[in-house]
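Engineer: Residue strings, one per chain:
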Amino acid sequence: MKEVSYYPGCSLHGTAREYDESCRGVSDLLGIKLSELKDWNCCGASSAHCTDKDLSIALAGRNLDIANKGGRELLVPCVACFSRLKAAEAETEKEGVPIRYALDFFSDEPVIEEIKKRLVRPLSGLKIVCYYGCLAVRPPQLTGVKEYENPQHMDKLMGAIGAEPLPWSYKTDCCGSSLMLVRTDIVKKLTGRILSMAREAEVDCIVVGCPICQANLDTRQGELASETGETYDLPIIYFTELIGLALGHRDVKKWLSRHIVDPVKVLSARGLI
Amino acid sequence: MVVGGGIAGIQASLDLAESGYYVYLVEASPAIGGVMAQLDKTFPTNDCAMCVVSPKLVEAGRHLNIEIIAYSDIVGVEGERGNFEVTVNRKTRYVDAAKCTGCGECSQVCPVNLRSSFNEGLGDRKAIYKPYPQAFPNVFTIDKGKRAPCGLTCPARINVQGYVALTGVGKYSEALSLIYENLPLPGVLGRICPHPCEGECNRGELDKPVAICDLKRFLADQVKTGIPVPGGESREERVAIAGSGPAGLAAAAFLARKGYPVTIFEALPVMGGMLYAGIPSYRLPREVLSEEIGNIQSLGVEIRTNSPVGPHFTFDDIFREGYRAVFLAVGAHKDQKLGIPGEDDSHVIPGVVFLRKVNLSENPPSPPFSKGGMGGFSDEKVDIGERVSVIGGGNVAIDAARTALRMGAKEVSIIYRRSRNEMPANAEEIEEAEEEGVKFLFLAAPTEVVAKDGNTVSLRLVRMELSEPDASGRKRPVPVPGSDFFVESNTIISAIGQTPDLSFMEGTGLSTTVRGTIKVDPLTLQTSREGVFAGGDAVTGPGIAIDAVAAGKEAAVSIDRYLRGEDLSAGRQPSIPEKSRFADIYDGQPKALRETMAMIPLEERRKTFSEVKKGFTEEEAKREALRCLNCGLCSECLQCVDVCKAEAINHQMGEEELKFHVGSIILSPGFDEYEAEKLTAYGYGRFANVVTSIQFERILSASGPFQGEVLRPSDSKHPKKIAWIQCAGSRNMTGTEGNEYCSSICCMYAIKEAIIAREHQSDVEPTIFYMDIRAHGKGFDAYYERAKEEHGVRFVRSMVSRVAERPQSKNLMITYVDAENRLQEEEFDLVVLSVGITPSKGATEIARKLGIEVDAYGFCKTDVFSPLDTSRPGIHVCGTFQSPKDIPETVAQASGAVANASAPLASVRGTMTKKKEYPPEIDVREEEPRIGVFVCHCGSNIGGVVNVPDVKEYVRSLDNVVYADESLYTCSQDTQEKIKDAIKEHNLNRVIVASCSPRTHEHLFRSTIQEAGLNKYLFEMANIRDQCSWVHMREKEKATGKAKDLVRMAVANARLIRPLDEQSISVIPRGLVIGGGVAGMTASLKLAQQGYEVFLIEKEAELGGMARNIHHTIEGGDVQAYLQDLIGQVTANPLIVVITNALIVDFSGSRGNFSTGVMVAPNMYYRKIEHGVTIVATGAEEWKPTEYLYGEDPRIVTQLELEGSIASHSEEMAQLKLKQVVMIQCVGSRNEERPYCSRVCCAEAVKNALKLKSLNPGMKIYILYRDMRTYGLLESYYTKAREEGIMFVRYDPGNKPEVKKEGKDISVSFVDDSIGERISLKPDLLVLSAATIPRENKELAALLKVPRTAEGFFLEAHMKLRPVDFATDGLYLAGTGHGPKLISETISQAMAAAARACTILSKEKMQVGGVVAVVEGERCAACLTCVRVCPYGVPAINERGEAQIDIVKCKGCGTCVAECPAMAIELMHFREAQLEAKCQALML
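Top line first, the protein sequences correspond to chains A and B.
So in my numbering the end of the first sequence lands on 403, straight run, no missing numbers.
So in my numbering the end of the second sequence lands on 1532, straight run, no missing numbers.
By construction, these hints were calculated from the structure, which means they are not laboratory data.
It cannot be assumed that every hint is accurate.
In silico DMTMM-like cross-links for lysine to aspartate or glutamate, where the CA-CA straight-line distance does not exceed 25 Å [claimed, not checked]:
1. A:K246 - B:E477
2. A:K247 - B:E483
3. B:K769 - A:E330
4. A:K246 - B:D518
5. A:K132 - B:E513
6. A:K246 - B:E253
7. B:K256 - A:E294
8. A:K246 - B:E480
9. A:K246 - B:E479
10. B:K858 - A:E332
11. B:K639 - A:E277
12. A:K257 - B:D255
13. A:K246 - B:E470
14. A:K276 - B:E723
15. A:K276 - B:E253
Could you put the whole structure together from the sequences, leaning on the hints where they help?
Structural biologist: Written as structure tokens, this is what we have:
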């Protein structure tokens, strides 16, 4: 059994619990052991990095130190945490354990092969668009993603579990999460565009790998509907939840029940749940 | 040698050939023409690109002294200037260029559609193709890639791609014939083959492999035809074959086709071997097998059933009966033992035995399968009970299980010791078995059979676990100790493998292998006994049927060779061609579902032995066949070979290595478009409606994929809003996506495309997103202004950050920043990326092979003062490989390169050129017309539509026609001989060919009749192809009628045509050059280097012109040093006579014979000069500004004045400590008075600003501009200037900078767009980038009778293709008198003018006359109409008061003929009487 260090970050202990649980659940099925970093602290994403650079590096750096002591690859599901940890790594120029964003980690060829082998219920007929958001691919110098204008790895991963990812131009648009609290007008404009373009693509759901994008896209739909009269009704699902579904994890329904826009409806309509 | 056959290469070749040199023109693609042939229109005149380039193609193509080596690459160059040896690799076209007539029938029958590269992937073409209709050479080419993996994977080497392609176009019997070449049992294999081909099918990487096997079955079912019986020799030697399975049948079929009598001895009572005994009929119906065996029998093969070879019938018996060779194909019918206790129990039955029994008893064979009774096989009843266990994981196990179900078993289980993934049976079969209810027990192995009671046995099994892979690559099963369990069954079928039963061989001495198979030579299949061969399962152990067929085929080859006494193995070592891979061929093909055959209902399936799968319908089959990606490009179906009546096609043709000895080399390999896929943010390649500019050219082109309709690719709808994104791949400073330099041409072509799109479809709303509009060429700025003002083209100055596609409409969202600095998103229907140009891959390769230096971008490195010489002496360069440039500059450079390439060879000029010698002309003036008519079939191009024999007979009935004939291809070499013979034999004095177009063929036929002693004008052509058979393809009768009309008109004309004399005039080998600047001196020097005398006339007292005021180029070249050197060379050259202080006062004559009068100061003496050519290089000067307070303050200067100060007082300039300098661009240019761009000022400003910065880095420099036009490679200096901190501020022409004097200070105020604020500066120096204006030339133009533009620059004959010629022959122009340009451009152009002039000077005599206008003096009223209308200024009124037309100058356009009110002018060869006769003939 493969063992990796795991840095959940605050979101996964709060608003994105289903992301945390599905990460753990899927890893479990794939024979990957996740060891949560002991005594981890805030990564500095929410405010430190725009108020005090040194503090932001120190916060993330402390976590890296803990991980480096463990000597194992560090798996990070939250893209904001990932970005901060990578920034600290670059800033301190310390050679440490590989920091792996969960989406990249599960898109590795051997992991995909493993997933394919254990497929219980291929998600055939499920039309999706993959939404990577900004930090999953940018800045490319930090993330190392080559196709940052039109990334493909989540699409490939979703294809491997039988879903049908559609080509889509809005994969890496900004959802406005950094302005979530201060300029909701801009946020609504940005999320509104992503949602309406997904609706135009006639997909069943949007697949994400970032707790903040998820929250932003999931929670705004009611508000947008009441303001513009347009209903979206698009579930925003973590890629790990869909892998869990395809691998037949028993807790999938529990994870999905925590969403604002109900994903179960469309999944059962497709006969997948 | 000229390398690269685009417009540059063509021009260079023509100029060289016309100046007396023999030229090899090497082109990498199948045809010359280059990118220009792909364009729709050309800017700024909107001429049709094809219309202007096509005559050039024809001219180069038929030039006696140009040898076109197309479809060829340069391999290497040895030697040095004057003596190079060039090695060229001629790629194979698979079409003999000497035989191909270009008729195109091959292309019509070719079933393979490939993306047309000429149409930039927007349309299809065939695998055998000509890039475009006007292409030269007019020869077809077969496009072969690496070979398709399907055919290479097939053991029998069936041409899979070929038959699939033919199926796609509905040519089923042709497809089946192709299969028959390698497989006599298509219906059988189309059902049971496990199709290894499909496993290799590249389509599998995209979605699912093509259903190759099912298509084979479809063909066999569709076309019930026998194997084609060859009409070859019949042989005496009899051959015996043991076994009528697939190997034996195949060998028999192939031997019979070679003419051998064959007898098959079959042990079983039925024919077919395992095909009958081993395969259940629900997979292979007996009728199919019987029919195909019947086909083989019909070839003369005798099959004897119940006739085993063995003790009763030995090899010796066989040979004794007269058979000369034996092929053993006895198969592998013996089962393998389980090797466990109790397996001999009567309830255990081996799989093959079970199937054989069932197949023979449950489905008793009927005649013709069994003629000799069942021989003890049929009475074996099989009773299996209700529960059946099958042991094994192969196809036999599946067959046995499914057969057991059909025999009524209630429960059938397959027990297999590994997991499903490792099962060797076909996945499809496993699935079908599962559907039918067969159960699977994996990871279990039998250990013992225990008898229970009479009906039941108990099978002890042990659980298995998979460990590491074994030798077969499958995971090895290992028993789990203590996991035994039992399964009870009524019957156990063991199907774990078979071996050949070789008991019959005992005592024969044949060797066997350790595996119990017959030992053979793997290549020849020869056994250890002379004359005995073996193949199939008996040799290999159990395999698949197609392997056995392959063995049969090989055995047939061996036996044939053996019987002929030939070497058995020679040449049989297979050479395996390279397989094409998905990446080689995938180019964005859309996914398409694989067709599946319908099946009979599941319930029925379980009960009956009827065939499970129903086969494709025709629609399904075609759809499926068209899914093929054509991996091998050409499918080698050989349809083209069948149809080519000229026998020009040869699929075995190879490459050729050629060597040439040449004196110099000109490289003109052209450019590649920037690869738009790299600009990920713009979505090219992902979004259907994002196209490149060259694709848009094809969309606009009438010969393009949409016949010139403006349609968008995604849905073929008219786009309304179209956006152009400029600088796609150019002017990029990030270094990741795109090149740093400016591509120079994109602004203009985008404007042109926008205008033309609106012309095609008036509701198009074009928008061009740009950074700077670079309209720096002659007439370009006016074109840009017209686009804005008259054509409604919207220009948005903003770089587009990204393009997104709307999921439904496929419209495109463009994000940009508008003039008010607001982020905008706008929706468009179509986006055109104005892709830049990069040095072509071919050019890079050539540079590497020739060892010539390239610059950082990959362009050929040249010096600013010798812009057309590469780093290797004797090798020259022109066109876009030198740097990005437009067509006129390219053409000028091509001619310029000729000057340098031919100069060292001047001494041998004319020694290697060919000249056609004709016999003396027969005088036919007094003869009655005797007309011979040759009607052409053009293969079936004409003959397939027009009834050619009928036309021929009709023509015979016409007056004056004394001879008529028809031929398959009138243009073929043998027909030329026939025409000449007919002329002699029948004393013909007029010849008509009724065929294709005079555009391509008139020259050939004229030459033919000249060879027979007739004047070339005694030839006439009727175009019954392009203008008749091609346009009336479906109305054959009417087309025949029209062909008769056309020929009758031609005959009417031919009666009246007369021989025309051409006069020979001598040429004065001397040039006159007017203007002693860089252009004039360069031109003079180049003429002198060719050995011609030159008079160089300069108005001023000194040579040098404008260059005297220029000190260095932006690249850093020292202009004064260069100028002094140039003046030195000119004055020292004994052939150049320099006359300064001289003025032209009179001018007369025409090409070859001019006379010019010069008045020379200070003594004012008159001098007359006789010369053959005239080059005008009078230059330009800097305008003295009348605005911005110029002249009112010494601190306000022009750029040239600044340059002078810097050069003469650089120390002072540095010490002056100028703190702030402002430069204003476009002073006097791009306004109403001078609506042109002065081209050089942006570079001049950047150059001077950089110089100032280098003198004093602290200086603040502001450049106020409208568009920075640092085109091409100059862009890097603009970048450098910004990096150095020079400030560039754009101003709007409606809001020009204001210059005022405020006390002592100069004040400059302007609005900065980017911040929207007015800024005031008080510079220490204000520099005005003043316009470039032509030097006074009005009187000279009037004397020379040459035209000028409205701005006073001299006007060339044609903006695109004749950039240095005047419309009047023999006069050329060069330098800034033609338009503003840089020194390097001036040098190129001057060299070009010299090279063009040499095309006249090099000829001792010139032929004039022929088709010219002739005045009938008596009728002339001297009304001057002709004088006014002639575009070339030829007619003049002579001393008799009549118009006179100089035949030397007349171009035969006929304008004066049409306009003359008195009808006093006739155009020779097109006289009025002729036209009348033609019209009357039409009305008959």
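Engineer: Which hints, by number, does the structure contradict?
Structural biologist: none
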